[in-house]
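First to last, the sequence lines map onto chains A and B.
With the numbering used here applied, the first sequence corresponds to residues 3 to 112, in that order.
With the numbering used here applied, the second sequence corresponds to residues 410 to 522, in that order.
Hints were generated in silico from the structure; no laboratory data involved.
All values reported here derive from a predicted model rather than from experimental measurement.
Do not rely on the hints blindly, as some may be mistaken.
[As the list claims (entries may be wrong)] Computed spacing ranges between beta-carbons, pair by pair:
| no. | chain 1 | residue 1 | chain 2 | residue 2 | range |
| --- | --- | --- | --- | --- | --- |
| 1 | A | 76 | B | 505 | 19 to 29 Å |
| 2 | A | 56 | B | 425 | 50 to 60 Å |
| 3 | B | 473 | A | 103 | 21 to 31 Å |
| 4 | B | 431 | A | 54 | 36 to 46 Å |
| 5 | B | 425 | A | 53 | 43 to 53 Å |
| 6 | B | 466 | A | 27 | 26 to 36 Å |
| 7 | B | 449 | A | 76 | 39 to 49 Å |
| 8 | A | 71 | B | 462 | 17 to 27 Å |
Heads up, the beta-carbon is just placed ideally off N, CA and C, and yes, glycines get one too.
Take a look at the letters that make up each chain.
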Amino acid sequence: DAKTTQPPSMDCAEGRAANLPCNHSTISGNEYVYWYRQIHSQGPQYIIHGLKNNETNEMASLIITEDRKSSTLILPHATLRDTAVYYCIVRLQGAQKLVFGQGTRLTINP
Amino acid sequence: DTGVSQDPRHKITKRGQNVTFRCDPISEHNRLYWYRQTLGQGPEFLTYFQNEAQLEKSRLLSDRFSAERPKGSFSTLEIQRTEQGDSAMYLCASSLGLVGEQYFGPGTRLTVT
Chain A
3 DAKTTQPPSM DCAEGRAANL PCNHSTISGN EYVYWYRQIH SQGPQYIIHG
53 LKNNETNEMA SLIITEDRKS STLILPHATL RDTAVYYCIV RLQGAQKLVF
103 GQGTRLTINP
Chain B
410 DTGVSQDPRH KITKRGQNVT FRCDPISEHN RLYWYRQTLG QGPEFLTYFQ
460 NEAQLEKSRL LSDRFSAERP KGSFSTLEIQ RTEQGDSAMY LCASSLGLVG
510 EQYFGPGTRL TVT
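With the rest of the complex left out, here is chain A (with noise of 0.2 Å):
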């Protein structure tokens, strides 16, 4: 699986959009991008995935770069409940694990 880079922590005011950075440069084509994120003491918990295209749920937008070296995941209107560690992981289609890194701790600000 291709190694992914996200900054340690990010802050974010309330009411605001919050756009988490991935760098995915070794990425294959037949790997998506997975974004989960973990809430403190809580399992993780699925955000979004995408392929080539940029990608929008209830939760979030998911916005891959052309070469797919790199991607923004976007909440729109940031909520202290998403106070959590958000990861971006590259998965290998049909591949069953998941592979966490460090991930990115943000944190929303009142």
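Based on the hints, put chain B in the right spot on chain A.
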């Protein structure tokens, strides 16, 4: 609540004792995963089942660890002769299909004294 439950939520045991954890996945999910998470680190994959077959095991899963999923429903993870280094959060997840997202349970926090 994702629908994946784990029991117990917390376990304190003395070094050398055996412990067993249980995971109940979402009922229609055929894939079940175990991960381990130590403080400040992301979860690490341990093993996964497709129905009742254990198809992949990590090098992290030493001889003291064994996992089962009888009848393809709930799963158990047993650690024999626990060591202090086994102290961690043990997470279970389940999924449906090849690219389905994994739904995680709340985890079992093990403390070995």
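Which of the listed hints are not met by the structure?
7 and 8
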